[in-house]
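Asks: If you want the building blocks of each chain, they are given just below.
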Amino acid sequence: MNKFHPMAILLKAEGYPPAVIASVLMHACLLVFIFGRSVESSNFVAIEDPVIMTASAIDINPQRLRRLKRLELERLADSRSREEAEARERERERERELQQQAQRERDAQERQLQEETERLRQEDLNRQREEAARQQLAEETRSREEEARLQELERMAREQSDRDAQANQLVGEQLIIAEYATIIRRTISQNWQIPPSARNGMTAVVQLQIVPTGEVVGAIIVENSGNSAFDRSALQAVERVERFPELQDLQIGVFERNFRTFSLLFRPEDLLR
Amino acid sequence: MGDSLSLWNLVMNASWIGKLVMFSLLLISIMSWIIIVQKWIVLSDAEKEVFGFEKRFWSGMDLSQLYRDGSSKQKNNTSVIGMETLFRSGFKEFTRLRQQPGIESDAVMEGAQRSMRVALAREEKVLEKNLPILATVASISVYLGLFGTVWGIMNTFVSLAGQSQASIAVVAPGIAEALLATEMGLFAAIPAAIGYNRYASKVDTVIHSYETFMDEFSSILHRQAHTKRVQE
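As they're listed, the protein sequences go chains P and X. Counting in this note's numbering, the first sequence runs from 1 upward without gaps. Counting in this note's numbering, the second sequence runs from 1001 upward without gaps.
Just so you know, these hints were derived from the structure itself, not from any lab. Cβ atoms here follow ideal geometry from the backbone N, Cα and C, with glycine treated the same way. Take these hints with a grain of salt, some might be off.
Said to hold, decoys possible - Every beta carbon over 12 Å from chain X, so not counted as near; a handful from chain P, in silico:
{"no.": "1", "residue": "E14"}
{"no.": "2", "residue": "P18"}
{"no.": "3", "residue": "V20"}
{"no.": "4", "residue": "L68"}
{"no.": "5", "residue": "A133"}
Stated by the list, open to error - Incomplete in silico selection of chain X near chain P, CB under 10 Å:
{"no.": "6", "residue": "L1026"}
{"no.": "7", "residue": "M1031"}
{"no.": "8", "residue": "V1037"}
{"no.": "9", "residue": "Q1038"}
{"no.": "10", "residue": "M1109"}
As the list claims (entries may be wrong) - Some chain X residues well away from chain P (every beta-carbon gap over 10 Å; in silico):
{"no.": "11", "residue": "S1006"}
{"no.": "12", "residue": "N1013"}
{"no.": "13", "residue": "S1029"}
{"no.": "14", "residue": "Y1067"}
{"no.": "15", "residue": "R1096"}
{"no.": "16", "residue": "G1111"}
{"no.": "17", "residue": "S1139"}
{"no.": "18", "residue": "V1171"}
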């Protein structure tokens, strides 16, 4: 009769302690379970861009190509001259080392001599004085060389940073170009109606003339596909766009270099895939 | 952003309001589970006590013996709960009034019933304690989660406005983070709602059996009072 309440001891605190423990434990387990495993990105189904066609912008702007080639050449020449300078530097270093070696040998001989002539006081004194003078001379030449080398290093660092800045600018411009090329590509893709006679492997290159307001002032086929309907559809796609308002935002320099004349490659493979 | 899309990163990348909402939802969930477990312990104990005490009461045992059992239990540091407290308070008042001369049996009955009603109110208070908190959690945490979600989606769209090209990769983490708030809100709300409904009906059942017992016991006391009076 007395063991009627098996849980009576819990009831003194109205059951709070076990409740708190149970609840906190449950949430801790849950959090560990949820946050412990990260959601792998490969578990997601990749949603591909519903590409209807890709009109890739190929770059046949001669000015730009020439400029890129010139930059490349400059860089090559630069690195070659730097290598030569380094080789010369190394040569000089070796010579200096040889000289020092000789000097050291000479020093050793002299020291021998000095030991021999230690008994002869006055001669010894003479020789010491001589040696001091020579040492001073060597010190002076060494410091001069050091200075020259430092200057050389400084100059090289300056050149390097110049080159880096140039490269950075180039990369930034490339990014901008890529972004706007994507916009153009997308706009034209949306306006292109591929004729039923289009076949895999057909390509047409259309050259656009664009003015800084973004308007297309001219479009000609520079490379035809052999199918006149296909060529016409490509031209129509360009004509239907008429204007790329986004191009207004471009810096005028970047625009002139890349978008004044601009080529688009039309290719129907992606559609018929 | 794409490679390390784990839930933890989502939480850490959330805005501070989002973090606040999620943190408070976590606290609310912990609190509601504390109440759920605590109520479960208290209520199942009360039900067991009702069952056990009724069995003892109707076993034909002498009532004063039953009262003495309870006293010795209290001396052993075991608390007396539920139906037994009703019985004890009623019986104590009854015997106390009966020992005093010159009190009418109706007055004795009235005193015993009054003290049993007081004990009943106390028991009800213990049983119903914390239940309103569960009801509040059940209704509030959904709104709180919704608030976090709307805030997160709003932020996502604001940041989307600054982009020149909108892609699913830009919006997806923000929206996933926002939906996390709703998910946590539902996670807190559903057990609280279930717990509240279940415990409310349990409390009703237990209190109903207390009331029934009170009536039965007072009819026994009534009989005793009047038969004694007749014998005198």
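Asks: Next, verify each hint and record whether it holds.
Replies: Checked hints:
| no. | hint | verdict |
| --- | --- | --- |
| 1 | E14 | 6 Å, violated |
| 2 | P18 | 7 Å, violated |
| 3 | V20 | 5 Å, violated |
| 4 | L68 | 26 Å, holds |
| 5 | A133 | 71 Å, holds |
| 6 | L1026 | 7 Å, holds |
| 7 | M1031 | 8 Å, holds |
| 8 | V1037 | 4 Å, holds |
| 9 | Q1038 | 4 Å, holds |
| 10 | M1109 | 29 Å, violated |
| 11 | S1006 | 3 Å, violated |
| 12 | N1013 | 14 Å, holds |
| 13 | S1029 | 7 Å, violated |
| 14 | Y1067 | 14 Å, holds |
| 15 | R1096 | 26 Å, holds |
| 16 | G1111 | 29 Å, holds |
| 17 | S1139 | 20 Å, holds |
| 18 | V1171 | 12 Å, holds |
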